[in-house]
Amino acid sequence: MDLIIENASVLAPDGAFVDAAIAIEDGCIVHIGDAPANAKTRYDAKGALALPGIVDIHGDAFERQLMPRPGVSFPVDMALDETDKQLVANGITTAYHGVTLSWEPGLRSADACHTFMAAFERLKSDFIADTRLHLRFETANVDMVEEAAGWIAAGRVDCIAYNDHLPHIRRYMGDDNKMSVYANRSGLSLPEFLDLVQRVSVRADTEGAAGTARLAEAARASNTPQLSHDDATPADREHFHSLGARIAEFPMGDVTAAAAKALGDPIVLGAPNVVRGGSHTGLQSAAESAAKGLCDILASDYYYPALLHAPFILARDGKLPLSEAWGLVSTNPARALGLDDRGVLAPGKRADLAIVQNGGSPSLSATIAAGRLCSFG
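Residue numbers (our numbering): 8 to 384.
Just so you know, not all the hints are guaranteed correct.
[What the hints assert, rightly or not] With a cut-off of at most 25 Å between alpha-carbon atoms, the simulated DSS-like pairs for lysine-lysine come out as follows:
(1) Lys299 x Lys356
(2) Lys356 x Lys47
(3) Lys299 x Lys53
(4) Lys92 x Lys299
(5) Lys299 x Lys268
(6) Lys299 x Lys131
What the hints contain is simulated information worked out from the structure, not anything from laboratory work.
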């Protein structure tokens with residue numbers, strides 16, 4: 008055996024915790040039970056919980072490595088390498104980087120997306136975490152529809168989410184203070200940005216729906232998972248469901264989330280919402296939604312450490328049993344994304360684990376990613 012994890016309390020697929028050893032060979036779990044006699048490496052878990060590695064369906068905290076302050080940029084290679092370390096240090100073994108392709112200049116522009124994708128594809132085989140591309144497509148970006156459809160067809164996109172932040176920006180037209188924030192982010196002067204919003208709005212109103220339908224067609228043809236972001240109403244969810252977007256990402260309120268549930272669509276909310284005790288935008292509490300069965304998946308969104316802590320908070324506060332809460336960050340996202348080789352600890356599955364001491368607050372002792380051991384204490 009390549010690696011044996013000893014003295015662990017292992018989360019079994021049926022939700023029970025069992026005292027067992029985990030034997031790993033060639034990146035896969037081959038045995039759970041008594042410890043085999045021979046192994047190249049043994050790791051003593053000292054009674055810690057052995058949990059399936061975290062699957063992050065949507066994380067964009069890597070942007071803070073790219074641009075930690077407005078207008079202050081660092082090389083993509085450096086940012087991605089540092090992000091990989093942060094993922095593994097938080098028990099995340101599969102990560103979908105939420106890369107935004109917007110009509111705005113700057114960090115989320117087409118040029119920035121091209122640069123990011125080139126570096127990502129060149130480097131991803133060197134990462135410890137299995138890192139994939141979650142394309143957050145701004146539906147007002149009609150000029151990029153055909154190119155993005157080509158990326159999907161070529162297998163360069165691992166999932167696509169439909170975003171539309173233009174209405175949020177447009178509602179502040181006339182408020183120069185608010186609009187200046189967006190202008191500064193884009194690197195444009197305020198008059199230049201206002202002119203851009205007007206031009207984009209005209210095309211979005213006439214071409215946006217057709218562009219989204221074109222991308223959805225490409226995604227269906229390639230079996231690429233689709234998500235819709237910030238569905239405001241049940242009608243929005245039903246529309247995107249009809250296009251094949253069968254994952255509801257951050258539905259805006261329990262009514263819309265319930266519509267997703269009725270359609271059988273997994274519901275994604277933010278782990279930072281759980282950790283902070285509520286939404287920073289004034290929407291529903293992810294913890295309360297989880298307790299009501301209106302949250303199936305938690306995403307890191309903008310803060311990677313939240314994924315490790317959120318399930319323990321849900322269990323501590325009596326919202327869900329720990330085994331079920333941990334499924335929100337492992338089993339459920341893996342299933343929603345079609346990753347049948349991970350998300351549970353069982354023979355034949357990929358050896359992705361988080362070894363966690365739970366002394367009131369979770370402390371990560373080690374992460375195992377495809378059988379590679381990274382120990383933190």
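We went through each hint and held it up to the structure:
1. Lys299 x Lys356: Status violated; Cα separation ~30 Å.
2. Lys356 x Lys47: holds (20 Å)
3. Lys299 x Lys53: violated (35 Å)
4. Lys92 x Lys299: With Cα atoms ~34 Å apart, Lys92 and Lys299 exceed 25 Å; violated.
5. Lys299 x Lys268: Between Lys299 and Lys268 the Cα gap is close to 11 Å, so the pair holds against 25 Å.
6. Lys299 x Lys131: With a Cα-Cα distance of about 38 Å, the restraint between Lys299 and Lys131 is violated, given a limit of 25 Å.
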